[in-house]
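Produce the complete structure using the sequences and hints provided.
Protein chains in written order, with this note's numbering: chain C, 1 to 153; chain P, 1 to 414; chain V, 1 to 464.
In case anyone wonders, no lab produced these hints; they're calculated from the structure.
Any given hint could be a false lead.
Rough simulated footprint, nothing fancy, chain V against chain C, three-plus residues with beta-carbon under 8 Å [stated by the list, open to error]:
| no. | segment |
| --- | --- |
| 1 | 16 to 24 |
| 2 | 123 to 132 |
PhoX-like, lysine-lysine: derived pairs with alpha carbons at most 25 Å apart [claimed, not checked]:
| no. | chain 1 | residue 1 | chain 2 | residue 2 |
| --- | --- | --- | --- | --- |
| 3 | P | Lys223 | P | Lys19 |
| 4 | V | Lys90 | C | Lys45 |
| 5 | C | Lys131 | V | Lys53 |
| 6 | C | Lys131 | V | Lys90 |
| 7 | C | Lys45 | C | Lys131 |
| 8 | C | Lys45 | V | Lys53 |
| 9 | V | Lys405 | C | Lys139 |
| 10 | V | Lys405 | V | Lys456 |
| 11 | V | Lys53 | V | Lys90 |
Quick list of simulated restraints, FRET-style, between CB atoms [claimed, not checked]:
| no. | chain 1 | residue 1 | chain 2 | residue 2 | range |
| --- | --- | --- | --- | --- | --- |
| 12 | P | Ser172 | V | Ala385 | 39 to 47 Å |
| 13 | V | Gly21 | C | Ala50 | 50 to 58 Å |
| 14 | V | Ala5 | P | Val205 | 36 to 44 Å |
| 15 | P | Met215 | V | Pro60 | 42 to 50 Å |
| 16 | C | Thr11 | P | Ser8 | 38 to 46 Å |
| 17 | C | Gly104 | P | Val205 | 31 to 39 Å |
| 18 | P | Ser172 | C | Ser10 | 52 to 60 Å |
| 19 | V | Gly21 | P | Asn306 | 16 to 24 Å |
| 20 | C | Asn138 | V | Leu7 | 56 to 64 Å |
| 21 | P | Val110 | V | Leu7 | 45 to 53 Å |
Heads up, the beta-carbon is just placed ideally off N, CA and C, and yes, glycines get one too.
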Amino acid sequence: MNRRSFLSLSTASAAALLATAGMGLAGFFRFLYPGVFYEPARRFKVGYPADFPPGQPVFLPTEKVYLFHDPAKGFSAASAVCTHLGCTVQWSERDRQFDCPCHGSVFAADGAVLRGPAPRPLTWLEVTLSKDGQLQINKNRPVTDAYHLLIPA
Amino acid sequence: MLKSILRSIFRGDPPSTQKGRSELVFYNLWLHIHPAKVRKEHLKLRHTGYLGFVSFFLLLILGATGLALMFYYHPYPPRAYQDMKDLQFVVFLGPFLRNMHRWAAQLLVVAVFLHLCRVFYAGAYKEPRQFNWVVGVLLLFLVLTLSFTGYLLPWDQKAFWAITVGTNIVASAPLVGPVVKVLLLGGHSLGIQALLRFYVLHVAVLPGLAAALVMVHLWRIRKDGGLAPSPSGPREPSAPPRETPIPSSPEKSYGLMGIVTGKPTFEVLVPEEEEAVFSYPYAFLREGAAFLATSAAVMALALLYNAPLSEVADPSKTPNPAKAPWYFLGVQELVSHSPALSGILLPSLLVLALLFLPYYDGNPSRRPRDRVLALSLFALVVLSYLVLLLIGLYFRGAGWAWVWPWAKGAGGGA
Amino acid sequence: MRDRARLVFFLLSLANMVLLGLALARAARPGWAAYQRSYHRLEAQSEPNAAAKAAVEGAPVAIAQIILPGLQRVDRCTTCHQGVENPAMKGAPEPFSYHPDISRHPPSRFGCTICHGGQGLATDLAAAHGRVAHWHQPLLPREYVRASCGQCHTKGDVPGVPELAEGRRLFDTHGCRGCHRLRGVGGTIGPDLSREGATRRDPAWLERHFLDPRAVSPNSVMPNFHFTPGQAKDLTYYMLSLTGEEMSNYYTSESVIPSIPYGRELFARKNCITCHSIGGVGGKSGPDLEGVTRRHSARWLDEHFVNPTLVSPGSTMPAYDLTSDERTALIRFMAVATDKDAEALLAGGAKALTPEEAAVEAGARAFVHYGCVGCHGQGAAGGVANPNSQGGQVPSLIHVADDYKKSEVMAIIRDGKTPPLADPAMPAPPLTMPSWKGTVNEEDLHNIVEYLWSLKPRGEGSRW
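What follows is the structure, given as structure tokens:
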């Protein structure tokens, strides 16, 4: 073997080892990314529309979502997670506003920030009708506060 | 810029010169355990089989894969079992990493055992390496204990009952047995507490101890004068001269290079320059190859064979026969005859005999033909254990009754 | 030396790269992903325009799992069975078809494996269907899935699963408890059946066993009850429902389904017909019940059951201790009951009882409930083989009043008895009288003895 093939052998070994290390590292990070999530589903069914007559919003504690039913506009859902530091906001029916217990942020019924320190309005989530006729909320699909699901009577 | 960064990391001369090759070793934390030069003879596969390296690399693989598995493991039944299923079914590379960990552990038991046999055959435990033999034997037991504690973690039937059998072997020891069992299990039988204890032992206490002992083991190889020469070769000079003056230099009061250039120990160990080569690249290339071969073997096994997992542990239902991990089956076979005498006394005597071997073996020669008695005795003990192990593995069925492995429905395997 | 070492090193580097690459390739192509993609394609077919089709087809794939803390399980079946809740998938090829009638038991609350069996955690076909080594809960064959209803619906009738109620009735009337323990009550001669459905999840084995115990279990001491194939199937359903599953309140709260057959059963058990008539047939001390549900609202009837005198002053009907489901079941039964039902009930032997007769009646029920009939036979007539006991059979109890005092019989029931051996050289008889202390309470004990004393044939004088 001459010096040239010698060097190329070293280079090839180094390349193979680098590739192996790269694959190993990529594989390890892919390994760390959970294959399943042990947490409430991001897309979930809440029940049939008839179960939620218009009136006070219904709080879904597991998913931390408020479900609204406006007689004229239809269904809408707001995430109860404060946009400041992630505490769960509480609906006050008397003032028709959301209060955050942690740092005193206040949100209007449409989610807009009335009082700091929250930087953004509450997140509104997509509400759809699933194939079997149940209301379905998708946390992966944020929408504007104008979004409503109106179910014709 | 790049050059100066590299220079700051690798401080010696480039490895194109002899000085550079030495400095590459001296100035590197990870490499300086090596001598700058090694005997050609020691690099030969047949001299050591690279069994020490293989064991060390298996430990590294076990550490890496074990650390990864810890991200998905809860030491709490029955969640622990569900975690095994998750690794198998939903974690990316989960089955591969669990298989690697499992097969590397099994290979390690084999590798350290062969390593011990090789060192015994070479008589390498004799003066001046007596203490390193003791460290090695302790490491063997650590490896067995690591394997034993890890065996429980999947929390399946096989694990549960193998460890139940194993800890009851411990409990049959006179006087301290029952207390040790309670300490080990955190209770009188295997349960939530035992799983947590085995987990802590397996991932923290034992690996820590093993790491410390491995460091001592490797460091002592250098301090005891490197690898032992071939047993059939010329006799090693008994001890390096002690009264070697350490030359001082203007900048440093102490320098390794000073010792080497002053040729105090090196000269003694490598009398003929042509018998030695520089560690870089000759030794490193071979060590690297040994590592790559080890990891390739483990990966190939992991791709081909899945680590076993039986039903979730059920304390109310004992599988028949309940067998200890395979390497303890020899002891289980002995215990089945008489728990106190052959189960505890005999193995304990064996352990003590192994541990203190260098101190009562007065024969100074390392040549096989001068050590017929020692070698025959050792072979006898090893073979007897292997026979007992094979009996436990293949010839014992329900109720630990004798079965022929080829008979229908024989309960082989562990 | 150096060249060869470098070549070996290179080849080994290559081997490592290839092996790791193989591992990654295997991990990157899980079988379930292919199923999900074909489901997406199936879904896309019904989308109106190309853009929507592309969006549905390109939807990301991920393992779906239903976490069910109340059932202590995690089900990933919907990873492949994506269409179970999508009515549009009616008739779609497996594994995508719609699950009919699923709204009462939504997968989000019940998962799949609690009824169907299989391995919920698994994501490949063989393992998920549980047909692999080391998994004791394979998918139940389709015709036996309904047996799983009995895990929660432990009482009364389950609509659509008559086998369960019948299996349960057979179990109670054939004295199975005499030898078998079930939820803490019963004998110890045979195995405890509290988890039989989980440990022996094999309908074929169970059915054959009921037809002839020794056909599948040669050393069984269980007598052959000569069940019909239909009865064997009913009992198999019942056994499969006994999984000993620990469930949270959510699942056990609706254990009784207020169905019409259950209402009928209650109507018979509470002896309503002794006071009430239906269509003119039956007792006359209470009002006729035909059309009662048209005369009164369901709410009125319900409240009347709880407190008759409050709703209907002057009523002489006693207040029965009925659960809400039981009241609903009775009201549903009354809505459809006719004089034919009344005649059938009267033929079943409902009549007013004296305290003595009541004790005998209760004793007869207890004799069946605790499984005494399993060994001592229907009507305590004996006849069950017990090799190497004196007479070779479990003794008849019809003449027990002649040979024992009541206190002696009570002592035998409390403490048990080992039958004397016919031939001391032969092995002991398989059946022994277990000790019932702690299982049979004093009242039942007393009633059983009264029942046994009532068996002595009338007109036959004492032996003395």
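Which hints, by number, does the structure contradict? 9, 16, 17, 21
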